[in-house]
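**Student:** Sequence:
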Amino acid sequence: MEIIHSKIQNSSISFCDSWSPPMSQLHVLDQQTDEFRNVASYFTDNRCQIIRVERIENEMWHNIYKKEKKTIDERLYSNSTDRVLFHGCLRPASEEILQRGFDKRIIGIHGTDYGDGFYFSTDPMRSHMYALPDLSRWGERTML
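Sequential numbering of the sequence shown, starting at 1, is according to our numbering.
These aren't lab readings, by the way, just hints derived from the structure by calculation.
Everything numeric in this text was worked out from a predicted model, so none of it was measured.
Check each hint, because a few of them may be wrong.
EDC-like, lysine to aspartate or glutamate: derived pairs with alpha carbons at most 20 angstroms apart [said to hold, decoys possible]:
{"#": "1", "residue 1": "Lys104", "residue 2": "Asp116"}
{"#": "2", "residue 1": "Lys67", "residue 2": "Glu57"}
{"#": "3", "residue 1": "Lys70", "residue 2": "Glu59"}
{"#": "4", "residue 1": "Lys70", "residue 2": "Asp82"}
{"#": "5", "residue 1": "Lys66", "residue 2": "Asp116"}
{"#": "6", "residue 1": "Lys69", "residue 2": "Glu57"}
{"#": "7", "residue 1": "Lys67", "residue 2": "Glu54"}
{"#": "8", "residue 1": "Lys70", "residue 2": "Glu54"}
{"#": "9", "residue 1": "Lys67", "residue 2": "Asp82"}
{"#": "10", "residue 1": "Lys69", "residue 2": "Asp82"}
Taking CB as the label site, the calculated pair distances span [what the hints assert, rightly or not]:
{"#": "11", "residue 1": "Thr71", "residue 2": "Leu132", "range": "34 to 42 angstroms"}
{"#": "12", "residue 1": "Ala40", "residue 2": "Gly139", "range": "15 to 23 angstroms"}
{"#": "13", "residue 1": "Asn63", "residue 2": "Asp134", "range": "28 to 36 angstroms"}
{"#": "14", "residue 1": "Met125", "residue 2": "Glu96", "range": "21 to 29 angstroms"}
{"#": "15", "residue 1": "Arg100", "residue 2": "Lys66", "range": "29 to 37 angstroms"}
{"#": "16", "residue 1": "Leu135", "residue 2": "Ile72", "range": "20 to 28 angstroms"}
{"#": "17", "residue 1": "Arg52", "residue 2": "Arg75", "range": "34 to 42 angstroms"}
{"#": "18", "residue 1": "Ser136", "residue 2": "Lys66", "range": "34 to 42 angstroms"}
{"#": "19", "residue 1": "Gly117", "residue 2": "Asp34", "range": "31 to 39 angstroms"}
{"#": "20", "residue 1": "Phe118", "residue 2": "Ile72", "range": "16 to 24 angstroms"}
All C-beta atoms, glycine included, are put in the ideal place defined by N, C-alpha and C.
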């Protein structure tokens, strides 16, 4: 399994001055870092082998996230509104999402049981079902 997007927000993960805006870039996480272990912990009880975890670095998206989070936190009188969600997809779809975000104009054909849109799950194995193996990459699967 390949996880290409680590956007688990907490106080230990924040915008870094070394990020290269404005385009999204992938940064491979070292397996010894807390951020890698945090992401991998969602898969420890499953039969998945994590090949690598890559963080998407995009200053514009990060700033939008912070602004929206602040608005939601204020409205709900809470600062614990974050949820970790998983999205399984093909590698080419993940590359489109990396460049354009979750743009409704690039909605795929898989997992449309409940209508057009992007589907997420709190259960990584549920999303894993939609991350079809990429045979050109030795059967790796991509999850965001």
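**Student:** If a hint holds in the structure, say so; if it doesn't, say that too.
**Tutor:** Now for the hints, and whether the structure bears them out:
no.: 1; hint: Lys104 - Asp116; verdict: 8 angstroms, holds
no.: 2; hint: Lys67 - Glu57; verdict: 17 angstroms, holds
no.: 3; hint: Lys70 - Glu59; verdict: 17 angstroms, holds
no.: 4; hint: Lys70 - Asp82; verdict: 11 angstroms, holds
no.: 5; hint: Lys66 - Asp116; verdict: 27 angstroms, violated
no.: 6; hint: Lys69 - Glu57; verdict: 18 angstroms, holds
no.: 7; hint: Lys67 - Glu54; verdict: 24 angstroms, violated
no.: 8; hint: Lys70 - Glu54; verdict: 26 angstroms, violated
no.: 9; hint: Lys67 - Asp82; verdict: 13 angstroms, holds
no.: 10; hint: Lys69 - Asp82; verdict: 8 angstroms, holds
no.: 11; hint: Thr71 - Leu132: 34 to 42 angstroms; verdict: 36 angstroms, holds
no.: 12; hint: Ala40 - Gly139: 15 to 23 angstroms; verdict: 19 angstroms, holds
no.: 13; hint: Asn63 - Asp134: 28 to 36 angstroms; verdict: 32 angstroms, holds
no.: 14; hint: Met125 - Glu96: 21 to 29 angstroms; verdict: 24 angstroms, holds
no.: 15; hint: Arg100 - Lys66: 29 to 37 angstroms; verdict: 20 angstroms, violated
no.: 16; hint: Leu135 - Ile72: 20 to 28 angstroms; verdict: 41 angstroms, violated
no.: 17; hint: Arg52 - Arg75: 34 to 42 angstroms; verdict: 37 angstroms, holds
no.: 18; hint: Ser136 - Lys66: 34 to 42 angstroms; verdict: 37 angstroms, holds
no.: 19; hint: Gly117 - Asp34: 31 to 39 angstroms; verdict: 33 angstroms, holds
no.: 20; hint: Phe118 - Ile72: 16 to 24 angstroms; verdict: 19 angstroms, holds
Of the numbered hints listed earlier, those contradicted by the structure are 5, 7, 8, 15, 16.
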